[in-house]
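Colleague: Sequence:
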Amino acid sequence: MRVAAFQLSASGEASSARLAAIEAHVAEAKQAGATLAVFPELALPGYGAGEAIKDEARARGDDDLAALARLAAQSDVAIVSGIALQRDGAIVNAAVLLRPGEEPVVYAKRQLYGAYEKTLFRAGDIPPPIVDIGGMKAGLLVCFDVEFPEHVRDLARRGAEIVLVPTALPRSPAAHFIARNVIPVRAFENQVFVVYADWCGADERFTYQGLSSIAAPDGSRLAEAGENEPARLIADIDPGAFTASKEQNPYLDELRAV
Numbered sequence: 008m009r010v011a012a013f014q015l016s017a018s019g020e021a022s023s024a025r026l027a028a029i030e031a032h033v034a035e036a037k038q039a040g041a042t043l044a045v046f047p048e049l050a051l052p053g054y055g056a057g058e059a060i061k062d063e064a065r066a067r068g069d070d071d072l073a074a075l076a077r078l079a080a081q082s083d084v085a086i087v088s089g090i091a092l093q094r095d096g097a098i099v100n101a102a103v104l105l106r107p108g109e110e111p112v113v114y115a116k117r118q119l120y121g122a123y124e125k126t127l128f129r130a131g132d133i134p135p136p137i138v139d140i141g142g143m144k145a146g147l148l149v150c151f152d153v154e155f156p157e158h159v160r161d162l163a164r165r166g167a168e169i170v171l172v173p174t175a176l177p178r179s180p181a182a183h184f185i186a187r188n189v190i191p192v193r194a195f196e197n198q199v200f201v202v203y204a205d206w207c208g209a210d211e212r213f214t215y216q217g218l219s220s221i222a223a224p225d226g227s228r229l230a231e232a233g234e235n236e237p238a239r240l241i242a243d244i245d246p247g248a249f250t251a252s253k254e255q256n257p258y259l260d261e262l263r264a265v
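For the sequence shown, our numbering begins at 8 and goes up steadily by one.
Derived from the structure by calculation, the hints contain no laboratory data.
Please read these numbers as outputs of a predicted model, since none were measured by experiment.
Virtual Cβ for every residue (Gly too), placed ideally from N, Cα, C.
Certain hints may be false.
In silico DMTMM-like pairs for lysine to aspartate or glutamate, Cα to Cα no more than 20 Å straight-line [what the hints assert, rightly or not]: (1) 125 to 196; (2) 125 to 70; (3) 144 to 124.
Cβ-Cβ distance ranges computed for the label pairs, FRET-style [as the list claims (entries may be wrong)]: (4) 130 to 107: 25 to 33 Å; (5) 184 to 93: 33 to 41 Å; (6) 96 to 16: 28 to 36 Å; (7) 69 to 122: 33 to 41 Å.
Taking the hints into account, I'd like the entire structure generated from these sequences.
Modeller: So this is what it looks like as C-alpha cells:
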C-alpha cells in the first residue's frame, strides 16, 4: 500500500480554502499512486482557530465530513483527516477515516492536551476501532494520544499493523524530541508502521514543529519532512519487508502480565 502524508502550512485560511487544499492534495496523492492520504489534526477548520472552532464545528463540521467522504469516493483514495465535529451536544477533536464505498469512521481524541484543548473539546472515551485499509489493519490516534505508550500498544495488541496519527505539535525542545524520537520508538516497540502528519509554520496562536514522518516497524523513517516547509511524504507500506524485525523483536508475543 502506498501512503501519502501531508505536512500543511498553518497560515490562517477559511475552512472552505482548507477543504479545497485537501482536494488538491488528494489529487496529488492519487497521481503519485497512493491509496491513502493522511492530513494533520484539525485540518478542518485549523488547530489554532480557538473559539471559532466550535462555531465551525456546529455550522459545517458534518458538511465537511460529507465532502471528505465524496472526495474519497470520487478519487478512490482513502482519507484520514483531523476535523472538529459536534457530537451529543459537545465539540470533539476527531480523526476521521473515509474509505471509498464505506461508512465514515470517526474517532474522538481521548488525551486532550492542555487548557486550550480542554476548554474547546470534550474528550472521547471510546477506543478507536481496527479497520481495514488496502488489506492492512489500521488504527487511528490523534497527536497527544500517541505520546502515551498504552494507546499504541492497545492498537497493536488488537491487531493493528499501521497507526495513523493526525497531529498539531507546537514547537518546543520537547516537541522536537517527540517527533524525532518518540514516533519511531512507538513504531519499533509495537512493530507497526506509524504515519504522523503535522502542521508547519504558524497561525494566530501557535508555531508548529513540522517533522512529519512515516516510521517503520524497525524504527527507521521511510519518509520525513523538515521543520519549516509544507511537504508531501510518500512511502510504500509492505509488512513483509519487516518480517525479520518482527521475529527479532517479538514484544507483543513475549509480554508477560505486569
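Colleague: Compare the structure with each hint and give your call.
Modeller: Tested hints:
1. 125 to 196: violated, 29 Å
2. 125 to 70: violated, 24 Å
3. 144 to 124: Given pair residue 144, residue 124 is violated - Cα atoms ~29 Å apart, limit 20 Å.
4. 130 to 107: 25 to 33 Å: holds, 30 Å
5. 184 to 93: 33 to 41 Å: Taking Cβ atoms as reference, residue 184 and residue 93 lie about 35 Å apart, which means the hint holds.
6. 96 to 16: 28 to 36 Å: Because 33 Å falls inside the window, the suggested range holds.
7. 69 to 122: 33 to 41 Å: violated, 27 Å
In this structure, the earlier hints numbered 1, 2, 3, 7 are contradicted, and the remaining ones agree with it.
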